[in-house]
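Number of protein chains: 2
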Amino acid sequence: MSVTAPLGFRAAGIVAGIKSGGARDLALVVNDGPSRAAAGVFTRNRFKAAPVLWSVQVLNGGRVRAVVLNSGGANACTGPLGFQDTHATAEKVAEVLDDSAAEIAVCSTGLIGERLPLDALLGGVGTAAAQLSRDGGLAAADAIRTTDTVSKISFRRGENGYMVGGMAKGAGMLAPALATMLCVLTTDADLTSEELDTVLRRATSVTFDRLDTDGCMSTNDTVLLLASGASGVRPDVAEFEKVVTAVCGDLSRQLLVDAEGASKAIAIEVVGAASEEDAVAVGRSVARSNLLKCAIHGEDPNWGRVVSAVGTTDAVFDAERVNVAVNGIWICRGGAAGDDRAKVDLRPRDVTITIDLSAGPHSATVHTTDLTAAYVHENSAYSS
Amino acid sequence: MSVTAPLGFRAAGIVAGIKSGGARDLALVVNDGPSRAAAGVFTRNRFKAAPVLWSVQVLNGGRVRAVVLNSGGANACTGPLGFQDTHATAEKVAEVLDDSAAEIAVCSTGLIGERLPLDALLGGVGTAAAQLSRDGGLAAADAIRTTDTVSKISFRRGENGYMVGGMAKGAGMLAPALATMLCVLTTDADLTSEELDTVLRRATSVTFDRLDTDGCMSTNDTVLLLASGASGVRPDVAEFEKVVTAVCGDLSRQLLVDAEGASKAIAIEVVGAASEEDAVAVGRSVARSNLLKCAIHGEDPNWGRVVSAVGTTDAVFDAERVNVAVNGIWICRGGAAGDDRAKVDLRPRDVTITIDLSAGPHSATVHTTDLTAAYVHENSAYSS
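Going down the list, the sequences are from chains A and B.
Under the numbering used here, residues 1 to 384 are what the first sequence spells out, in order.
Under the numbering used here, residues 1 to 384 are what the second sequence spells out, in order.
Note that these hints are calculated values from the structure, not bench results.
Predicted, not measured: the structure shown is a model, and the values here were computed from it.
Incorrect hints may appear among the rest.
Non-contacting residues of chain A with respect to chain B, defined by C-beta distances greater than 10 Å in every case (computed) [stated by the list, open to error]: (1) L256; (2) A265; (3) K343.
Label-pair distances were calculated between CB atoms; the ranges are [to be verified]: (4) B:T352 x A:D236: 54 to 60 Å; (5) B:D32 x A:A381: 53 to 59 Å; (6) A:A274 x B:D345: 48 to 54 Å; (7) B:K343 x A:A274: 49 to 55 Å.
Yeah, the Cβ is synthetic: ideal placement off N, Cα and C, and Gly gets one too.
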């Protein structure tokens, strides 16, 4: 169902010829209203792709009629001509929908530094517009894949019957192959763009922002939330946030499981922190330790590599009070060896590393993957 | 020649039985004076190994009679008992030298979280003391190896005939397998501990601190500089700094080339920066991009992965004025595609990535390695 699960949305995913090989490479998602309220969050990378620069401006207006997305090229680091290509794409969508380009968001994903084939792109927009339908969500989710092995879709029903749907590809803070995380969320609930903005920032901060498979940040990351209001339901905003967070969490999990070359999904659960910021900082530092990620790949419960990563942060803790468990066995207690590490079973795909800072009541979980030879192989051969 | 190249030093490297397999695992370096002035720099990791906690105290006094170093165990995260083991080791060295433990520095390297075999260690101190000699520098350098495939030694002669010698193992900011960087530098020049401290901080900040092979920071990193004054030469401090920096640079280069699993030595040269701090921050960010390191392994001049890493920093630059060259070919100009990337020859082991921020006159070079399946294999199997 994906982005077309909520009322008021049509979508399509088609072969525009941007990618070689004949796979789907262009998606169009249209909001038929009655509302067009929308919000977006974007990469913090200072090299922002042309579609990001464009869509930031569109979202400043708080209204989105449609989103056009392409795989097969990121349109990043392409200069003023690349920005013109994005602009022309938005104009083409506006033309086929008989609407304003100022309400058309654009997303691109693929290699950095190359211009998109504009004729294929603009032709594809026409084809996609002709195929828009209420059940086009799956084809749209398929069309935005790059190295993703499966489409990522999700939906949840909220109180009083409104729906939230979504599709995603690649990864954000995961950034496998800088393949970019793109995500479009839709709802038929009726909310203002300000409400959507608040909810989207909060939901992404505890889901997509806490995925970190290789520490790399894309030039193109974009998460959009579009509301049609077609259900007529005005939800409680707190309840709506829970539903959106659940959809984002579900999509995040799908991204994690499909991360390039990974054989383990690692949850780094930081508890006993003096603040949530401390917990996230510690989790992120551990998630970025190549040595730890190699150890988990080798099913070695190497807590020394955990505490070494903890020790590089500014978080509040006393080294002699830090405890670490791997899959529930507290193998480090008080900053030194604890229970028998032979008791740790690292054979399952899911691994939980719990770090107790003994410094306060706050917690956070950051998700990452192991580091494998397959990751190296996939990313050594990406563009050549 | 190593640490015994300068006058006034004796050393030994022996088999104490700390490592299984019968390799050398204990080194002793003794300063016979007349001066005992010394300085040290240590890991910034907040989980500091017992020998680091001990040696920091010793170096606060500015005088070192001897350094005892062991491989086969890091004595990190071993609690109060681990600290007692370090103390006992220093006392044993003091006893055999008929000197004060307060002037005995201790260094350890190996696995985190396990106690050292104290009997083997103390017995080894006696054996090493009996073998101390003016040509023991090579054996000492051999005894501190862990995953190092070769011993790292260096020496330089300064003006008016004084000498600076050194030995090193593993890696500091490189931290292959958290194998720790240990380095002992010696000189027969006559300088105060304050002068040595200033010189050592400056020399390490532009050499060891600019190696970054996997972003991991050890619990045990230690660099010591001991001056015997035995040459009678009081060097010009600026000239002395150049010689010490040359020795540190030489040892850094040896560490880089021997980093675990690496097939490329990558120099990330940042120019046109608004400050040296900016240049180092950009260099370090690029050095830590797993995606770029995979690309270089695959001999793919993927400048998109370079600018993506640059874009995550706070350095002063305008994205539209950044230029990137790989091995001298400016494949990114003005933040977009530049010269033909097919002209880049990435077959040599040495790779230079030049990043021109077009923001000022400052520069810095950070050194790293590629990311390979061999790195993953070596670090998946380290302790299991």
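Against the structure, the hints come out as follows:
no. : hint                        : in the structure
1   : L256                        : holds, 16 Å
2   : A265                        : holds, 17 Å
3   : K343                        : holds, 14 Å
4   : B:T352 x A:D236: 54 to 60 Å : holds, 58 Å
5   : B:D32 x A:A381: 53 to 59 Å  : holds, 57 Å
6   : A:A274 x B:D345: 48 to 54 Å : holds, 52 Å
7   : B:K343 x A:A274: 49 to 55 Å : holds, 53 Å
Every hint, counting from the list given before, is met by this structure.
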